[in-house]
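**Student:** Let's have the full structure, built from the sequences with the hints guiding it.
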Amino acid sequence: MRELSYAEALRECLRQTMTADERVFMIGEDIGIYGGAFGVSAGLLAEFGKERIIDTPISEAGLAGACIGAALTGMRPVGEIQFMDFVALSMEQIVLQAAKIRFMFGGKATVPMVLRMPGGSGTGAAAQHSESLENWFVHVPGLKVVMPSNAYDAKGLLRAAIYDDNPVIFVEHKLLYRTKADVPEEPYEVPLGKSKIVREGSDLTIVATSIMVQRTLQAAEQLAQENIEVEIIDPRTIKPLDSAPIIDSVKKTGRALVVHEAVKMGGFGGEVVSQIVASEAFDYLEAPVRRLAGLDTPIPYNRTLEYHAVPQVENIVDEARKLVQGGY
Amino acid sequence: MTSKHSTQPDYQTYLQAWGQEKALALLKEMLVIRTFEEKAEELYALGKVHGTMHLSIGQEASAAGASLALRESDYLLNHHRGHGHCLAWGSDVNLMMAEFLGKETGYCRGRGGSMHIANVEANNLGANGIVGGGIPIAVGVGLSIKLRKTDQVVIVMFGDGAANEGAFHESLNMASIWKLPIIYYCENNQYAMSMAVKRAFNIERISQRACAYGIPGVTMDGNDLFAVYAAVSEAVERARAGNGPTLVEAETYRWRGHSKSDRQAYRTREEVKAWQKKDPIRHYARALGLDDAGMERYRAEASEIIDQAVAFAEASPEPSIDTILEGVYA
Chain A
15 MRELSYAEAL RECLRQTMTA DERVFMIGED IGIYGGAFGV SAGLLAEFGK
65 ERIIDTPISE AGLAGACIGA ALTGMRPVGE IQFMDFVALS MEQIVLQAAK
115 IRFMFGGKAT VPMVLRMPGG SGTGAAAQHS ESLENWFVHV PGLKVVMPSN
165 AYDAKGLLRA AIYDDNPVIF VEHKLLYRTK ADVPEEPYEV PLGKSKIVRE
215 GSDLTIVATS IMVQRTLQAA EQLAQENIEV EIIDPRTIKP LDSAPIIDSV
265 KKTGRALVVH EAVKMGGFGG EVVSQIVASE AFDYLEAPVR RLAGLDTPIP
315 YNRTLEYHAV PQVENIVDEA RKLVQGGY
Chain B
132 MTSKHSTQPD YQTYLQAWGQ EKALALLKEM LVIRTFEEKA EELYALGKVH
182 GTMHLSIGQE ASAAGASLAL RESDYLLNHH RGHGHCLAWG SDVNLMMAEF
232 LGKETGYCRG RGGSMHIANV EANNLGANGI VGGGIPIAVG VGLSIKLRKT
282 DQVVIVMFGD GAANEGAFHE SLNMASIWKL PIIYYCENNQ YAMSMAVKRA
332 FNIERISQRA CAYGIPGVTM DGNDLFAVYA AVSEAVERAR AGNGPTLVEA
382 ETYRWRGHSK SDRQAYRTRE EVKAWQKKDP IRHYARALGL DDAGMERYRA
432 EASEIIDQAV AFAEASPEPS IDTILEGVYA
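Those protein sequence lines, which keep their order, are chains A and B. Reminder that position 166 of the first sequence reads as 180 in our numbering, one-by-one numbering, no gaps. Reminder that position 155 of the second sequence reads as 286 in our numbering, one-by-one numbering, no gaps.
Just to be clear, a hint being listed does not mean it is correct.
Each computed BS3-like pair below joins lysine-lysine, with the alpha-carbon atoms no more than 27 Å apart [stated by the list, open to error]: (1) Lys-277(B) with Lys-122(A); (2) Lys-194(A) with Lys-210(A); (3) Lys-179(B) with Lys-122(A); (4) Lys-277(B) with Lys-64(A); (5) Lys-310(B) with Lys-64(A); (6) Lys-64(A) with Lys-280(B); (7) Lys-122(A) with Lys-234(B).
Since the hints were derived computationally from the structure, they do not count as laboratory data. Bear in mind that the values here come from a model prediction, so they are computed numbers and not experimental data.
**Tutor:** Written out as structure tokens, the structure is:
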């Protein structure tokens with residue numbers, strides 16, 4: 015099968031969806047002639063024109079509001095927040111408006127919008143361009159939160175997000191944009207709210223999100239050489255969370271580790287751990303349920319410090335080994 | 132682009148154009164708005180209302196005059212002091228009162244309450260509990276109209292306080308560069324809670340800000356239905372013709388406090404009384420040749436309508452607890 019990068023897969027989804035459906039349009043900063051800060055919309059301006067690939071002034075609240083108003087009146091907008099950090103400037107519109115409109119209006123309105131945004135560190139962009147803020151949105155009823163970890167899922171999840179009738183926060187990762195995977199040419203959906211077992215194993219369940227899925231896969235290869243077989247689950251959608259496969263897996267392995275890049279304190283991992291220990295999997299646990307996540311610090315500029323601020327492959331290997339070998 | 136203060140329109144020209152029935156309907160509409168607000172206040176005093184409310188008594192001409200300039204197919208984005216705009220938009224007073232009392236039969240099934248009444252089916256995109264919250268949303272409605280190539284327009288209501296939110300700047304600029312069919316309607320009722328316009332702005336008129344976005348700005352007497360209608364009509368015409376947004380400022384005054392907790396320490400009784408002399412309803416009635424006695428039968432009609440709405444609302448069921456999660460997700 016044909017390989018596409020994560021960015022190309024997203025672009026193909028946008029192109030196919032916009033070609034087939036006039037309600038879909040893109041709006042964001044520098045998405046037109048510039049092609050988006052990470053090149054996702056490159057070439058789409060020439061194809062669809064400035065009416066449907068809308069470059070905005072640097073106005074993140076206005077951009078989010080533009081998505082809401084268009085969604086409320088029959089369109090299916092896809093907004094791009096240039097760096098996930100900048101979503102802080104859109105929070106009022108997302109949290110107080112988009113998330114609540116349907117509920118406040120008695121279930122009589124829909125806000126079918128997607129806000130795409132690249133999160134994550136590893137590019138030397140420092141503290142204001144490297145954050146992983148997904149759990150802010152997980153805490154807000156009315157929003158869905160999607161985090162594709164590979165090109166195949168990126169294409170299919172984006173289509174599902176566009177055709178979902180709720181506001182969807184679509185978190186991409188800067189370091190994943192160039193990673194490749196087999197991606198079918200025809201349009202397809204990866205359903206929201208479905209976890210995926212990306213590797214089967216019997217010794218330890220690792221729940222990982224976004225780029226941590228890739229790092230965990232690499233760690234699992236190393237661990238396999240030590241006869242430690244890791245089962246990896248990628249929730250793909252962290253809200254709503256499909257926890258049944260996670261719980262089933264922990265019942266099988268008796269051990270669980272959650273890995274994400276966002277800071278540990280108040281992070282998504284806490285929710286996963288809590289759902290595991292509150293479930294029937296509790297009786298099967300042979301070790302404490304652990305989290306491996308970002309340190310409680312802004313992302314440093316310095317290359318070495320940046321590297322050590324978030325989980326890397328070797329950290330996952332060490333933590334997994336310790337868990338399986340009874341180190342806790 | 133410049134901002135201006137509108138001149139007083141010729142009342143008789145409008146009245147002749149509308150005919151007696153329509154002219155009287157506007158008076159009745161304003162009386163229904165005031166009576167709704169007075170009843171809301173009374174129900175609160177009787178302990179029948181769970182939450183707070185923001186009353187628009189004294190601002191009825193602003194609501195009636197603005198809606199009059201729009202079509203049913205146009206869109207409304209409303210603010211927290213929005214009962215009047217909602218009624219002027221042609222909403223069912225029974226469903227509004229039921230919402231106010233938190234009943235299942237209300238516009239929002241009792242989930243929204245006073246600050247969130249909406250009727251999306253009728254293009255009423257809802258009131259808003261966040262000051263200025265609807266202003267960025269107007270950009271999206273305007274874009275959607277443009278992409279769908281209809282001749283609709285959207286009016287977004289907000290107060291003087293909202294004009295000092297950052298989102299106001301982003302929205303007006305975007306609407307201007309894309310020539311979106313938006314009427315930015317600022318109801319300057321002189322206070323953002325306790326913050327007087329004189330303390331919060333260092334300009335004479337809020338509509339002067341339009342100049343910064345290259346769009347027209349106009350300030351008019353918001354207590355004069357004719358002046359409101361004239362100014363909004365001009366803005367609507369411009370928007371419908373594809374020439375972009377206008378910032379319209381209605382100078383008015385809220386007779387009551389900001390909400391129920393307001394002891395009104397920031398203004399004097401004399402000031403309130405002076406504005407009450409500029410009662411928008413009485414002003415309009417005079418133009419129709421009606422004195423207070425002549426208005427009485429219409430007041431009585433309005434009271435009857437509101438009493439029936441209260442009866443409907445009170446007889447309506449509460450939402451069932453097992454529906455608590457309905458409407459969070461589609």
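**Student:** Hint by hint, which ones does the structure fall short of?
**Tutor:** Per hint list: zero violations.
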